[in-house]
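From first to last, the protein sequence lines stand for chains A and B.
Here my numbering is used: the first residue of the first sequence is 1, the next is one more, and so on.
Here my numbering is used: the first residue of the second sequence is 291, the next is one more, and so on.
The hints are simulated quantities; they were obtained by calculation from the structure and are not laboratory data.
Here a beta-carbon is modelled for each residue, glycine too, at the ideal position from N, C-alpha and C.
Any given hint could be a false lead.
For lysine to any residue, the following SDA-like pairs were computed, each having C-alpha atoms within a straight-line distance of at most 25 Å [to be verified]:
| no. | chain 1 | residue 1 | chain 2 | residue 2 |
| --- | --- | --- | --- | --- |
| 1 | A | 176 | B | 370 |
| 2 | B | 370 | B | 427 |
| 3 | A | 176 | B | 326 |
| 4 | A | 262 | A | 289 |
| 5 | A | 176 | B | 500 |
| 6 | B | 329 | A | 246 |
| 7 | A | 158 | A | 127 |
Not the full set, but computed from the structure, chain A residues with beta-carbon under 7 Å of chain B [stated by the list, open to error]:
| no. | residue |
| --- | --- |
| 8 | 117 |
| 9 | 118 |
| 10 | 218 |
| 11 | 225 |
| 12 | 227 |
| 13 | 241 |
| 14 | 245 |
| 15 | 282 |
| 16 | 283 |
| 17 | 286 |
| 18 | 287 |
| 19 | 289 |
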Amino acid sequence: MNRKLSRRHWIETTAAAAGALSLPGVLNAQALPTPTPRKGNIKQSVARWCYQKMALDDLCRAGAEMGLKAIDLLGVNEWDVPRKYGLICAMGYAGGGDIGSALNRLENHDKIVQAFTENIPLAAKMGVVNVITFSGVRKGMPDDQGADNCIVGLNRLKKFAEDHGVTICMELLNSKLNHPDYMCDHTAWGVDVVRAVNSPHVKLLYDIYHMQIMEGDLVRTIQTNIDWIGHFHTGGVPGRHELDNTQEVQWDGVMRGIVASKFQGYVAHEFIPVRDPMTSLRQAVDLCDV
Amino acid sequence: MPSLSRRALLETSLVAAGALALPAEAPDPAPVVRKGRIKQAVCRGPYGKIPLEEFCRACADMGLKGIDLLQPADWEVPRKYGLICTMGYAGGGSISDGLNRTENHARIEAAFRENIPLAAKHGVPNVITFSGNRRGMPDDEGAENCIRALTRLKPIAEDNGVTICMELLNSKLMHPDYMADHTAWGVSVMRAVNSPHVKLLYDAFHMQIMEGDLVRTVQTNKDWIGHFHTGGVPGRHELDNRQEVQWDGLMRGIVATGFQGYVAHEFSPTRDPLTSLRQAVDLCDV
């Protein structure tokens, strides 16, 4: 933190000096922080909701400075904010339903198709590479029927996603602890769905935190199914806090497994910090920069 | 590596001592001091090329407390080095043929009646057993058979203060069709037998492949776990930064349960075996 503070102080001092010399361009140029250089093998992002006490602009600025490439889970009206800081929104909310109610029920399809028809062109325009969707909960529906319904819904949507170069990602979540009864709770089920849809723009959001709770076997599962994975989330297990040494996943090991799969998308941190949020985020970014 | 320099130092001192005509015999190097919150052991198998005596000496030197998976004939060897055999083979069946088949029960009982008193005599706190494979048998029938057998065996274990441990293994990759492949199934068996001397061997390598959710599972079921094994996932090699389990994090989770047993390393080293072992021991010494 000291380094950052002193660099900012230095920039402000420099800018003041530049102003005194009447060089008007300098102040704007210095407004963007210098990003920490990253290896770039893993493009990292961060979920907005874990830092709600910060203004989005502040999160974007801090994210850019620590070498993040993107912000996850922004609403349509926020998609342009990260671009001011040289970032993008890597996973947008575009009306793809919610965790409890989404594509496994046919009665939700029209609403989701309508929202995606409106928002996916906007996503393309604002450089948002992925939009999120969900299976919804079971409520007694058999998994195969839910899969059939999701396939129907995604087949309606895929051409539109392909035409705009935006990827629809269905999230895998744990039903054991955090989201009881959520249908898309195992990789195999999700892969069956996206394999049947068979589009380069319809994939899974493999949430590593959730899948460690449901399945384990992370690297092998990721490598076996990498063609069907469009995005990753992180979070310490158990607890969904810092990616520190009190939890059971070795994140740099998982990242090496992802790099080996030639994955080109984003890995977004989605944990709730219990210590200073920006310090914890930077430590996670350092750890995953393999 | 510190032991090398300590050894070098010791030798230098001894040479000097020899020059002063003091007794020349080299004492064993002092073991690395460990925090002791996790008592660590190592499985004999992956180090089979090293003679057992030499292996025990190296293990004692790096602060291990025991050697896993020795036959009764070898149980006394670790004791010469201040170690014990922490998990003995005592005739508890094999991975594919174990307690889920009633026709195996008499044989296993005879072996345990002979070997468990020996285990007690040699300070071996645990002996291993297995469920065996399914071969079409439903899981509930296999559980009932295991419960019946373990209920007959538990007085032998209790009377001798030795714990019978049934191992959890992955059926997804390495032991297809093995029945004790999920913690819940194993715990249901242990709970029904309900003895402080009949527990699970929770192999964290195998359970990471089958289930994940390690710390929570271990903490929830701590009363039914008697022993742990390690191994990098995937691959069962070093516990290094190329695999997905953060072993020190898991060890902290185990310490938090108040677990008093042993954690034995069971990985196949791809680099210098004793260096890799020492690194694992350092990592898990939380």
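Please flag the earlier hints that this structure goes against, numbers listed from lowest up.
1, 2, 3, 8, 9, 11, 12, 13, 15, 16, 17, 18, 19
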